[in-house]
Amino acid sequence: MQLNVKVKRFNPEKDSAPYWQDYTVNADPMDTALYLLLKIKWFQDGTLTFRKSCAHGICGSDAMQINGENKLACSILVKDIAKNDGDLVAFEPLPGSPVVKDLVIDQTRFFDKYRAVMPWLINGSPAPEKERLQSAADQEIIEDATKCILCGACTHACPSTWADPNYLGPAALLKAYRYTFDTRDEGASDRLRVVDSGEGLWKCYTIFNCVQACPKEIDITRWLSALKRRAVLEKVG
Amino acid sequence: MLFNHDVVIVGAGGAGLMAALYAKEGGADVAVVSKLHPLRSHTGAAQGGIGAALANEEEDHWMWHAFDTIKGSDYIGDQDAILIMCQDAPRTIIELEHYGVPFSRNKQGLISQRRFGGHTRNYGESAVRRACHAADRTGHAILHTLYDQCTRKGVRFYDEFQVLDLLQTPDGTVNGVVAYEILSGDLHTFHAKHVCFATGGYGRAFQTTSNAHAGTGDGLALTLRAGIPLEDMEFVQFHPTGLYRLGILITEGARGEGGILRNNSGERFMERYAPTVKDLAPRDLISQAIYKEIREGRGINGEPYVYLDMTHVGADILEKKLPEITTFSRTYLGVDPVTQPIPIAPTCHYAMGGIPTDYNGQVEKGQRGDFVQGFYAAGECACVSIHGANRLGTNSLTDLVVFGRRVGMHMAERLRTEGRTKEPLIADPEKRTREMLDGILARQDGENVATVRADLQDSMMKGVSVFRTDETLTEALSDLKTLRARARATTVRDKGKRFNTDLLDAVELQHMVEYAEAIAAGALRRTESRGAHSRDDYPSRDDAAWLKHTLYWSNGEGEYRFADKPVTMKTDEFPQFKPKERKY
Amino acid sequence: MALTYSSNTKSHAQGWLLHRITGTFLVFLLLTHFWIQHFDATTRSVVEQVVVKTENAEGQAVTPMPTYSENAENAVNTRRKSDPRFGPVGAPVTPYDVTMLRLADPVYAVLWKTFNLFFLLFALHHGFYGLNNVLSDYIRRPMVRAVVTKLVWIVAGLLFIIGAYSVITAGLNMQPPTL
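Protein chains in written order, with our numbering: chain A, 320 to 556; chain B, 35 to 618; chain C, 4 to 182.
Read the hints as simulated data drawn from the structure, not as lab findings. Fair warning: there could be bad hints in the mix.
[Claimed, not checked] With a cut-off of at most 16 Å between alpha-carbon atoms, the simulated EDC-like pairs for lysine to aspartate or glutamate come out as follows:
| id | chain 1 | residue 1 | chain 2 | residue 2 |
| --- | --- | --- | --- | --- |
| 1 | A | Lys325 | A | Asp404 |
| 2 | A | Lys449 | B | Glu91 |
| 3 | C | Lys13 | A | Glu553 |
| 4 | B | Lys599 | B | Asp114 |
| 5 | A | Lys327 | A | Asp341 |
| 6 | A | Lys449 | B | Asp122 |
[What the hints assert, rightly or not] Partial chain A-side listing against chain C, Cβ under 7 Å, derived:
| id | residue |
| --- | --- |
| 7 | Ala482 |
| 8 | Asp483 |
| 9 | Asp515 |
| 10 | Gly517 |
| 11 | Trp521 |
| 12 | Ala550 |
| 13 | Val551 |
| 14 | Lys554 |
Where is the CB? At the ideal position from N, CA and C, for every residue including glycine.
Could you build all of it, start to finish, from the sequences and the hints given here?
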């Protein structure tokens with residue numbers, strides 16, 4: 320079918336403000352949204368710029384706003400965003416970060432936040448000969464959080480982040496959860512000091528936008544709530 | 035700008051990050067230069083597992099692992115390196131666990147292991163549980179953990195910097211790279227004592243591939259251009275189970291959990307091709323079997339695909355142990371594996387060949403021990419050679435982490451013993467790259483990059499994929515001659531400096547032609563069938579003539595030459611490693 | 004611009020926890036408040052008539068006092084017979100009368116005042132904590148944010164003093180109506 324594709328374009332080298340550009344693209348309902356962009360890039364307009372790599376939802380390069388929702392372009396099919404000939408599909412960069420060019424955003428701040436939460440296993444005791452034991456049930460506690468691909472769809476869907484760009488945001492806090500609740504980790508108190516700050520956990524008002532945006536369907540708010548309980552117990556209990 | 039580091043690692047997948055981490059721990063000042071943000075690397079797409087004889091589930095020995103790898107390689111893997119890998123694998127996995135990789139666990143709380151194609155107990159007796167895994171996101175779990183650790187240790191990352199040239203002194207010692215900063219369009223020189231390529235695979239030269247868009251084999255082309263050979267390029271693995279038409283990978287773990295391949299009559303056809311291990315035969319055999327079924331009219335509805343049937347496996351295992359591929363199938367094909375068989379066809383997956391190295395990752399100019407000073411390679415872009423003519427499932431991640439680690443430690447050790455003094459750079463190191471880029475940008479008329487690339491992928495798919503003959507390969511080579519000229523005459527529409535991926539597509543296309551020729555020419559030269567290299571006109575393995583590696587040099591103008599390199603055997607100590615007919 | 008996140012900043016866990024606790028109590032306090040105002044047979048006002056504007060004999064708009072149920076009128080008029088501070092029997096019953104009736108008994112007065120003090124405290128904490136959240140979302144400069152936060156809590160404190168004064172002194176110096 321023939322789709323009316325609109326892309327919000329912006330090249331700070333030459334544009335003073337973002338603008339919408341229209342393209343007409345022939346698409347199969349089973350094509351991915353990424354493929355729509357690739358068709359434009361390859362055969363209509365080489366200047367159109369976006370990130371992409373694995374094209375099946377595991378590398379996290381192509382998070383963007385499609386018809387107003389944060390999605391991975393490679394993980395959503397045309398049939399889910401357009402039904403008929405002439406339907407509109409709109410692509411915009413993720414909201415809430417500076418735009419580098421077209422659909423490419425500057426992720427510096429996003430990864431600063433990731434680094435801030437000490438996203439690594441902290442265990443000072445001497446490593447055993449074999450693996451550290453962990454029951455399947457204990458592994459299950461962090462399993463969902465380990466699915467995170469750090470694509471940024473959640474953090475850039477979070478109204479708290481939009482209002483306050485310094486807020487750590489769901490992706491970084493989920494990472495903090497993933498390590499804090501790992502039974503092999505001993506760094507909880509250090510990590511909690513960071514997430515317990517004024518720019519941390521408490522700016523999560525359980526809006527659930529992150530859960531809705533997550534392409535890996537991670538129950539982010541649930542794990543952030545667990546982290547809140549842990550932080551309170553550490554301080555009060 | 036000029037950046038100075040002891041060690042510059044190009045590529046930030048599993049091998050690059052392992053090398054970075056261990057070099058950093060060894061005291062080196064390490065920079066990782068990557069055209070993608072490290073977490074976007076294709077290691078993250080590895081699904082089913084990482085092979086190591088931990089024996090967490092049942093009796094297992096690294097010797098059995100080595101035997102399986104050698105047999106899987108169709109006896110052309112170097113046995114010294116294979117022995118080292120299989121011995122190193124368990125301790126490396128344990129170190130990864132200590133770093134925090136969230137492996138799935140068994141009842142005892144140990145790392146859970148499952149069956150995988152070609153991995154057997156007691157030298158081929160029956161399938162063994164050897165694949166350590168984190169659900170079906172093993173590569174993703176490892177990649178993220180390694181990045182976390184590199185961040186902790188203070189490895190310096192240059193994200194979205196594409197390396198476009200390898201710098202050498204007049205005597206051939208490697209002492210840096212030239213990189214293009216994608217954000218700004220500026221060129222930078224990295225001056226280093228050691229350079230390690232961990233640039234990954236090249237599947238994008240084929241039409242149907244499981245590889246990322248980034249898998250354009252850049253490191254291989256740069257290496258060739260530096261006058262260094264590539265080894266065993268004719269061996270290209272086609273993974274049997276890619277989603278039909280899309281090529282997206284369905285892990286071998288699916289068959290490890292009980293999945294069965296069926297043709298149009300519902301027959302479990304692998305029973306005919308590999309009576310012992312059936313659907314868990316190595317990938318080369320299964321891919322060839324699927325193509326045979328299709329060619330003989332037993333594809334589903336006469337179309338070029340067969341079914342991967344998981345319907346008897348149960349929703350519980352699919353959701354718990356194979357959640358990713360279950361989602362892929364539902365998302366991309368609208369097929370629910372719980373109730374329907376998944377349409378699959380072979381997809382270009384892995385490069386067995388690459389930059390020749392020894393088992394410490396030191397790049398060899400030609401014959402053994404003749405090293406290119408200052409130059410290392412690890413991971414899929416390297417050819418140690420572990421995988422020979424066919425890689426076993428789970429051995430790619432094992433290769434990445436074992437040899438990435440060894441390279442990192444080796445570079446750090448040499449810095450300690452030999453000091454940090456770097457060889458001086460040549461004058462104006464960025465000149466060649468700047469001229470090349472300016473040339474592309476200045477061209478106003480010319481073909482579209484995507485058109486030429488599509489033709490290249492089509493030629494490679496038709497002529498150089500699962501089944502090859504003199505005729506198909508000669509045709510592909512003649513196509514490549516024209517394609518080389520066409521690739522050099524493309525024009526790009528984006529002339530700006532900022533995040534110009536249009537320009538980089540054009541550069542990558544030139545890289546693709548470079549190594550595509552190595553694949554096709556090597557395949558034409560090797561007049562036998564071995565592992566993934568299957569010639570219709572030479573259907574059997576010919577150990578007398580071809581039990582040896584291929585080395586390929588190119589002058590970048592379509593002229594190339596070959597040399598042979600003997601396979602390292604350890605059959606005096608280990609008679610069970612002697613080449614035999616490969617049956618499963 | 005690289006951000007720095009320090010691990011030495013003040014913990015915000017207690018504030019958040021108090022917000023949950025006050026929120027939970029407010030549910031019960033509000034339910035009680037609601038019951039007294041709108042459902043209890045004696046103390047509820049008849050709401051429909053509160054909002055109807057009427058005119059007096061001279062054609063001026065007047066807002067009538069809420070009218071009360073027969074129960075309430077009976078209770079107030081019974082009280083009037085023995086306590087002149089409640090005015091003459093048969094005079095219109097006002098909200099003031101109904102509230103004073105509740106506070107006339109010293110034991111009930113202490114209970115109700117305690118209830119209202121907690122109500123006031125929790126509502127102020129809950130509301131102003133939320134207000135501070137909103138303000139800190141939009142005020143980016145740390146210094147400004149710190150000053151505004153302090154100001155907000157000062158305002159909350161003043162409001163608590165005024166409110167507490169009203170609650171504690173209500174009914175203590177009850178005078179007969181001047182009407």
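List of violated hint numbers, smallest to largest
none
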